[in-house]
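We have chain A already, so just place chains B and C on it with the hints.
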Amino acid sequence: MQNITDNIHDWLYATFNPTIAMLIEFAIIGALAIGLFAMLGLVLIYMERKVSAVMQLRLGPNRVGPKGIFQTTADTLKLIVKEGMTPNGVDKLLFNLAPFIVMIVAMVVLAPLMFAKGFQIWDINIGVFFITAVSSLSVIGILMAGWASNNKYSLLGAMRSGAQIVSYELSAGLSILAVIVLTGSLKLSEIITSQENGWWIFKGHLPVWIAFIIFIIAVTAETNRAPFDLAEAESELTAGFHTEYSGMKFALFFLAEYVNIFVVCALGATLFLGGWMPLHFGTGTKFNEVMDYIPSSVWFFGKTFFLIFVIMWFRWTFPRLRIDQLLNLEWKYLLPISMINLLLATFIAIMKWHF
Amino acid sequence: MYRETSIVNESTPTPFSGNGESDMIINVGPQHPSTHGVLHLIITLNGETVKKVEPHLGYIHRSIEKMCESLTYRQFIYVTSRMDYLSAHINNHGCALCVEKGMQLEVPPRAQVIRVLMDELTRLASHQLWWGALAMDVGALTPFFLAFREREMINDIMEETCGTRLTMNYMVPGGVMSDIHPDFQKKVHAFIDHFKKKIHEYDELITDNIIFQNRTKGVGYISKEDAISYGMSGPSARGSGVQCDIRKLYPYEVYDKLQFDEIIEAGGDSFSRYMVRIKEMKQSMSVIEQLIDNIPEGDFQAKTKAVLKLPKGEFYSRVETARGELGVYLISEGGTTPYRIKFRSPGYCNLSALDHMARGQKIGDLVAIMGTLDLVIPDIDR
Amino acid sequence: MTREELKIKITDLLPSATFEEGGEWLNVQIDPASWLPFAEQLKKSPDLLFDYLFCVTCIDWKTHLTMVYHLSSTTFRHTIVVKAKLDRNTPEIETVAHLWRTAEFNEREAYEMFGVNFLHHPDLRLLILPEGWEGKNPMRKDFEDPVNMIKL
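Chains as they are written, first to last, in numbering that gives the first Met the number 0: chain A, 0 to 354; chain B, 0 to 381; chain C, 0 to 151.
Bound-form chain A, shown alone (with noise of 0.2 angstroms):
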């Protein structure tokens, strides 16, 4: 992965002036990073369904094309082609606007990400700071998309999700600092090149363990993802704050959603399950060479669906949680909790007791 875009950056800049090869190379990532955003949308949402049929002793999908698998493209294809229907009393720019805000956020959190050795848009040096301040704007789009419905139910909805995703980030914030403490860089290659020799959930003690369970927990609650899916709430708040929307407006949001999951599964498998590093037990072993040859992307893919799994196992499983214990939660328990921790962990880091 990394020779291939190195030849192609360097053929790029051999080839034409500078800042045409520039121009050239944003538009392959943006291309990339749309498709990546759609085929995302596609797999995540087959694997949603095929999960909770497997759950629910049901088949799931599986007229349209080999196990249903072109399930998701028909009903993208009917969203796209629906009428956007914009409702009388809305409020029309920001009606409109909040499906894309809630997009654009889900696909620049893409920019930081390592998807394989050396296989990264933009390593910026402070990545991990970058996703959790820029996923935390894609709370404007929603409380937006609430208020401008014009709808009771959608405005409590997103009151809710504006609660919940303002508190949650806290803990996911502090649960990420207890593993920057101990690598000390915010840049995610360096995160993953300090697991070289383990990953953090191995080599971390006790207060990666218990950050990585507070990590699962807030991210579940930061993506709206049951048993933290108040803004939605079906049987409260019939949808929520896309109660008005329909068709390709609707499917922004929906799409922008697994996209955030796929984001934090993401960010959860490079801080704490090294990210594309595969699986070492000791030095220069047998089994770390068969390791090896597994390519580093599916590494990263398979962790990462490995904790996508996890969360929609959650949801397919639990009751929801109320606003109110919803929120105990978080300020009475979680929150305490990942400070004690990160102080832990910063103990941990300054006596080198990790590995």
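Treat the hints with care, as some may be off.
If you want a taste of the chain A side facing chain B, the calculated C-beta under 7 angstroms gives, among others [claimed, not checked]: (1) V53; (2) N149; (3) K151; (4) A225; (5) P226; (6) E235; (7) F317; (8) P318; (9) L320; (10) R321; (11) I322; (12) L326; (13) N327; (14) W330; (15) K331.
Derived from the structure by calculation, the hints contain no laboratory data.
Quick caveat: nothing in here was measured; it's all calculated off a predicted structure.
Note that the Cβ used here is the ideal one computed from N, Cα and C, for glycine as well.
Chains B and C alone, transformed into the frame defined by chain A:
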């Protein structure tokens, strides 16, 4: 029909404005995922907190009572399957009992046992559906499918014997419509064996779930006195410690010869109502097990005339449906049709207590309370 | 309490009450004007304690209306039926919604279906019928609706 003007009267402020307080009025229903039908609730909110719940009914009112006035004593029973469609057998049973009371008709022992078996199977099916729907109300989507796995078996048994899966119309004055299917006993045994193996999943998935317990414990409290005053009955009232099982208090058919417990939980909250139903499923299974191998031989129907006539007078029969006490109050003028018939439906009274229970709770709780009340809208509207 | 004991007790409470023979339970005929004090005594009298009002309905006898209250006691498990004859043109009776909360809904149903006016009812509005049906009373025997009614 659009009824906005009647909803917002002088006493209730209009949305986002009005009395200067931060009240918000939301119409829940008639098309809403958690009302399980066309129930319309007007809830007054202060933020997330419910201040008032005002039910508006009638979206599925078919005036069954009025319809029955022009149907004969054989015909009117079929209409009643459409009231509480999840306890169709038990509704029919109540009506058949009322007509039999009027005619002083003796039901053959075989028919009595078949009736009780069908009632308990119906109760199981109804409680299974309720369990799935409640889980859906509190946000867990998977249990619904697990509940339907079992319910499907009951529906198949019903289909074989009665011909239909939901509105069975199997009970007739004097007994049951036809004899049981030859496979009936075998299939019921298979179902009981299957359900006994699977019922622990119900507890593992929902009952023991900490989130579910937090969502239901201490929520939607109603005291014993209030439950009686609101005329609540069935599992919803037994969750408040009211002893109100008609099968025990005023036994009909063979219930007085059976060994089963009346489940009473004193908590009065949503979780108690939940536990009553879960335990009742086990009691229903025990009733079925006691009877299934002991169906006496004989007629399945008493000999009756083609046209039934009731003597002048008033007759009242009570049965325990899956939702509570169904009363059939029949006034006869001596003809072939009832002069007036009143169905005392359990859901109507249980719904009237919703406002009392939901005040001061959150929106999510309102949904959970509705779920544990086990409302079936056609039963409320009739 | 047995039927006879109930009869004696109720005669003590309300000498004007008459009893109907037949029926599963004791049938008490009362004057609508005496209903509210009588109801209070039924609920609160320590050896009656009729706390469970399980059926409230109205019957249209073409010449008059009859309000029927089925009362039961969860302590003593005795049951009576109280009937009050109402004038068909101006049916009026005191509400008992404050004694038995279930009466609130059931009386609203009787109000819209039979046009019985419950005095001092906390919230006497249409519950089941849509607006515009005030005063039409579809459950009365002489109700005619040329559009929607299907004669069986």
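Results for each hint:
1. V53: Status violated, d = 10 angstroms.
2. N149: A:N149 check fails; min Cβ-Cβ to chain B is 10 angstroms, beyond 7 angstroms.
3. K151: With Cβ-Cβ at 5 angstroms, under 7 angstroms, it holds.
4. A225: 6 angstroms, holds
5. P226: Status holds, d = 6 angstroms.
6. E235: It holds, given that the least Cβ distance between A:E235 and chain B is near 5 angstroms, below 7 angstroms.
7. F317: 6 angstroms, holds
8. P318: 4 angstroms, holds
9. L320: Nearest chain B Cβ about 6 angstroms off; hint holds.
10. R321: 4 angstroms, holds
11. I322: 6 angstroms, holds
12. L326: Violated. Min distance 11 angstroms.
13. N327: Hint on A:N327: violated, closest Cβ of chain B at ~10 angstroms, above 7 angstroms.
14. W330: 16 angstroms, violated
15. K331: 13 angstroms, violated
Of the numbered hints given earlier, the model fails hints 1, 2, 12, 13, 14 and 15; all others are met.
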